[in-house]
Amino acid sequence: MARARITNQIRRLRFDAGEMTQKDLANAVGVTRQTIMAIENAKYFPSLELAFQIARHFNKPLDQVFQFEQDPA
Amino acid sequence: MSFEERNAVTGILAGLLSCAVMLVVLVQKSGAGVFDGPDGLMHWARTVLWLIVFGIAIVIVMTILFNIAYAILTGEKKPDFLSDERDTLIGLRGIQATLVVLSAGIVMAFIALAFGVPVLTALNIVLAACAVSSFASEVTKLILYRRGF
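These protein sequences, in sequence, are chains D and X. Whatever position you read off the first sequence (first residue = 1), add 2 for the working numbering. Whatever position you read off the second sequence (first residue = 1), add 271 for the working numbering.
Be aware that one or more of the hints could be misleading.
[Stated by the list, open to error] List time: in silico DSS-like cross-link candidates among lysine-lysine, alpha-carbon distance up to 25 Å:
id, chain 1, residue 1, chain 2, residue 2
1, D, K25, D, K62
2, D, K25, X, K348
3, D, K62, D, K45
4, X, K300, D, K25
It is worth saying that the hints were derived from the structure and are not from the lab.
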């Protein structure tokens, strides 16, 4: 079975948004700072709702924030 | 450390403390012969109910104390009591651990009864399973918070 993984650009987007802190982003989307940290480190994959909220916060389409990669089997 | 993660740590500490107290009280009363005789089960149930109330009080007190200590140590002016979707998922895994351990304990109690052990021993096995399942839940949650989920 092909291995799939989800990566994200949240760290870079925070940097582009004037070094926004994890705490600021967490407050903006209504989660804890630990959840943002876990998402950035690919230790937690957010729900679609949260993923859309994060993307909307950065004013980007979802696929510019989260990427789905699948290795060939 | 998020609010729910702090609660998991508090739950482990409170669980250990209330289990220790429960063990000491039950062993002492059992040694004194309080649970012997026709009213033994009634006395056992009353003792356990009081110990459950004590356990709940311990959890509340320790949660308050731990959160105060955390706020002082980290210098957090505005404590965060937020709980999000990740906390919910980790909480569900904790409940899963509780159910697995508790079910195993109840089956063990049935097996013990089938082999002719006294009812009081079987009830003690169920009680121990309750305590261990609660502990397993908090440990599972803490591992998931630390390792990532």
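Hint by hint, here is what the structure shows:
| no. | hint | in the structure |
| --- | --- | --- |
| 1 | K25(D) / K62(D) | holds, 20 Å |
| 2 | K25(D) / K348(X) | holds, 14 Å |
| 3 | K62(D) / K45(D) | holds, 22 Å |
| 4 | K300(X) / K25(D) | violated, 52 Å |
In the structure shown, a violation is registered for the earlier hint numbered 4 alone.
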